[in-house]
Amino acid sequence: RFPKDPGLRKAWILAFRRLDFKPSNKTVLCSDHFTQADFDRTGQTVRLREGVIPSVFASFPNHLKRRPIKTRSTKTSRRALEPIKDPVPAPKCSEPPKPAVSDHHYALDPTQVKKKLSDAQARIEELERQLRNAKDRERRQKQVLKSLLERLEERGMLSEAIEIELLQESGKCSDQL
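Going by our numbering, the sequence shown opens with residue 1, and the numbers climb by one from there.
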């Protein structure tokens, strides 16, 4: 079938070389118009590789066939093809070259990964310690408040309305911490 991608579809239409040809979603092109390298035969199903354009059209009239581009050879281009006669020796290094870890930009060196992991674990421990300390401070403040309320009540300086208001305010304070 003709591809749905507009750019690739246009390339297929240009390769097809038919005037005013507009393929539908059901239009197909037989496998004779593709080279063997264009097919993916790795699974049970034979499929076209991604991005291939039909290139084999034996029945084109001569005026529509593509002519091979003649390459001009200049003195410079011929010299570029010649092997180097006297290569410059590479400077000797005291250290052996480091092996490439990977060709992928997302692959990391194992030492970098270990360092990142240990940094993250240290940060987690620090945050857990800070959380523990904050909870301890809150617990101590609640104990101080309760003991103050008890002392005020013993002395008769605390009404029930004030006690309720203080307890509500202490709840708001602990929520803010």
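Quick caveat, the hints were computed from the structure, so don't treat them as lab data.
Careful: at least some of the hints might be erroneous.
[To be verified] BS3-like cross-link-like pairs, simulated, lysine-lysine; straight-line CA separation at most 30 Å:
#1 K22 <-> K10
#2 K10 <-> K26
#3 K4 <-> K26
#4 K22 <-> K4
#5 K70 <-> K10
#6 K146 <-> K135
#7 K146 <-> K116
Verification of the supplied hints:
1. Only pairs whose Cα atoms come within 30 Å are accepted, and K22 paired with K10 is accepted, the gap being roughly 10 Å.
2. Note on K10 and K26: the hinted pairing holds, with a Cα-Cα distance of about 16 Å set against a maximum of 30 Å.
3. For the proposed pair K4 and K26, the alpha carbon gap of about 11 Å is at most 30 Å, so the pair holds.
4. Between K22 and K4, the direct Cα distance comes to roughly 13 Å. Compliance with the 30 Å bound is thereby established for this hinted pair.
5. Straight-line distance between C-alpha atoms of K70 and K10 comes to about 27 Å, which keeps the hinted pair within the 30 Å bound.
6. Of the pairs offered as hints, the one joining K146 and K135 holds, with about 17 Å between alpha carbons and a cut-off of 30 Å not exceeded.
7. Simply put, K146 and K116 have alpha-carbon atoms about 45 Å apart, too far for the 30 Å limit, and the pair is violated.
When held up to the earlier numbered hints, the structure conflicts with hint 7 and nothing else.
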